[in-house]
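Read top to bottom, the protein sequences are chains A and B. Offset between the first sequence (1-based) and the working numbering: plus 2. Offset between the second sequence (1-based) and the working numbering: plus 243.
In short, the hints are calculated from the structure, not lab data. Fair warning: there could be bad hints in the mix.
To be verified - Straight line, CA to CA, 35 angstroms or less: simulated DSBU-like cross-link-like pairs of lysine-lysine:
| no. | chain 1 | residue 1 | chain 2 | residue 2 |
| --- | --- | --- | --- | --- |
| 1 | B | K320 | A | K5 |
| 2 | B | K320 | B | K299 |
| 3 | A | K73 | B | K320 |
| 4 | A | K55 | A | K15 |
| 5 | B | K311 | A | K5 |
| 6 | B | K303 | A | K15 |
| 7 | A | K55 | B | K295 |
| 8 | A | K20 | B | K320 |
| 9 | A | K57 | B | K320 |
| 10 | B | K303 | B | K320 |
| 11 | A | K59 | B | K311 |
| 12 | A | K55 | B | K292 |
| 13 | A | K73 | B | K292 |
| 14 | B | K299 | A | K5 |
| 15 | B | K311 | A | K15 |
| 16 | B | K303 | A | K5 |
| 17 | B | K311 | A | K57 |
| 18 | A | K59 | A | K5 |
| 19 | B | K292 | A | K57 |
| 20 | A | K59 | B | K295 |
| 21 | A | K5 | B | K292 |
| 22 | A | K59 | B | K292 |
| 23 | B | K320 | B | K292 |
| 24 | A | K5 | A | K20 |
| 25 | A | K72 | A | K57 |
| 26 | A | K72 | B | K292 |
| 27 | B | K292 | B | K311 |
Predicted model only: the values in this text are computed from it and were never measured.
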Amino acid sequence: DVKVTQSSRYLVKRTGEKVFLECVQDMDHENMFWYRQDPGLGLRLIYFSYDVKMKEKGDIPEGYSVSREKKERFSLILESASTNQTSMYLCASSSGTGSGFDEQYFGPGTRLTVT
Amino acid sequence: GNSVTQMEGPVTLSEEAFLTINCTYTATGYPSLFWYVQYPGEGLQLLLKATKADDKGSNKGFEATYRKETTSFHLEKGSVQVSDSAVYFCALSLPYSSASKIIFGSGTRLSIRP
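Let the sequences and hints guide you as you build the complete structure.
Right, dumping it as structure tokens:
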């Protein structure tokens, strides 16, 4: 079974702190994704990566950056956390090369609160 | 642009009732369609999918048919159980140059009463 793990289930940070969210997948997937999930808005794509050191912006990249130094690991970085970044963050991975058929596998999520 | 619209929740039903959650989409090109489910405290997992018009996806008693003429992918189940209580997301995926991206609806929370 595909397993996607996230470093923390719950995280509380202060405004202005630099925050790292880590995601690891164990199925040698090429593609990894970071979403945020907010009530009434569904999932919104922040960034994704289709190869090591390759990344593309999603729909809401402002205030975030990412790093993918190894194939299995994809990090989301909040350079200076703000209260409007309080949310549930979900990591996902998939194989495939953009055919449109590819299922994404999700981690359990990190609920981040910025105070 | 590409988007997914699904019925707002919460939806509350009694056990063994019939379930329909409506989903319509707007897309350029020919998307694949998905239903994902999120149980309490967990991430999303794929429930079913359909990759072309008139395909029917099915899993765990749930079904959805890809209707190109009505741009719909409604989720149905004949007899729901308490264990089906979860949030359900309709989604579409389009081919992309690097990796398929999925566009999600806003989710429908389903609660089943014993």
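Right, here's what the structure says about each hint:
no., hint, verdict
1, K320/B x K5/A, "holds (28 angstroms)"
2, K320/B x K299/B, "holds (13 angstroms)"
3, K73/A x K320/B, "violated (39 angstroms)"
4, K55/A x K15/A, "holds (27 angstroms)"
5, K311/B x K5/A, "holds (34 angstroms)"
6, K303/B x K15/A, "violated (40 angstroms)"
7, K55/A x K295/B, "holds (33 angstroms)"
8, K20/A x K320/B, "violated (45 angstroms)"
9, K57/A x K320/B, "violated (39 angstroms)"
10, K303/B x K320/B, "holds (9 angstroms)"
11, K59/A x K311/B, "holds (30 angstroms)"
12, K55/A x K292/B, "holds (31 angstroms)"
13, K73/A x K292/B, "holds (27 angstroms)"
14, K299/B x K5/A, "holds (27 angstroms)"
15, K311/B x K15/A, "violated (46 angstroms)"
16, K303/B x K5/A, "holds (21 angstroms)"
17, K311/B x K57/A, "holds (33 angstroms)"
18, K59/A x K5/A, "holds (24 angstroms)"
19, K292/B x K57/A, "holds (27 angstroms)"
20, K59/A x K295/B, "holds (28 angstroms)"
21, K5/A x K292/B, "holds (20 angstroms)"
22, K59/A x K292/B, "holds (26 angstroms)"
23, K320/B x K292/B, "holds (15 angstroms)"
24, K5/A x K20/A, "holds (27 angstroms)"
25, K72/A x K57/A, "holds (13 angstroms)"
26, K72/A x K292/B, "holds (30 angstroms)"
27, K292/B x K311/B, "holds (14 angstroms)"
Going down the numbered hints, you'll see the structure goes against 3, 6, 8, 9 and 15, while the others check out.
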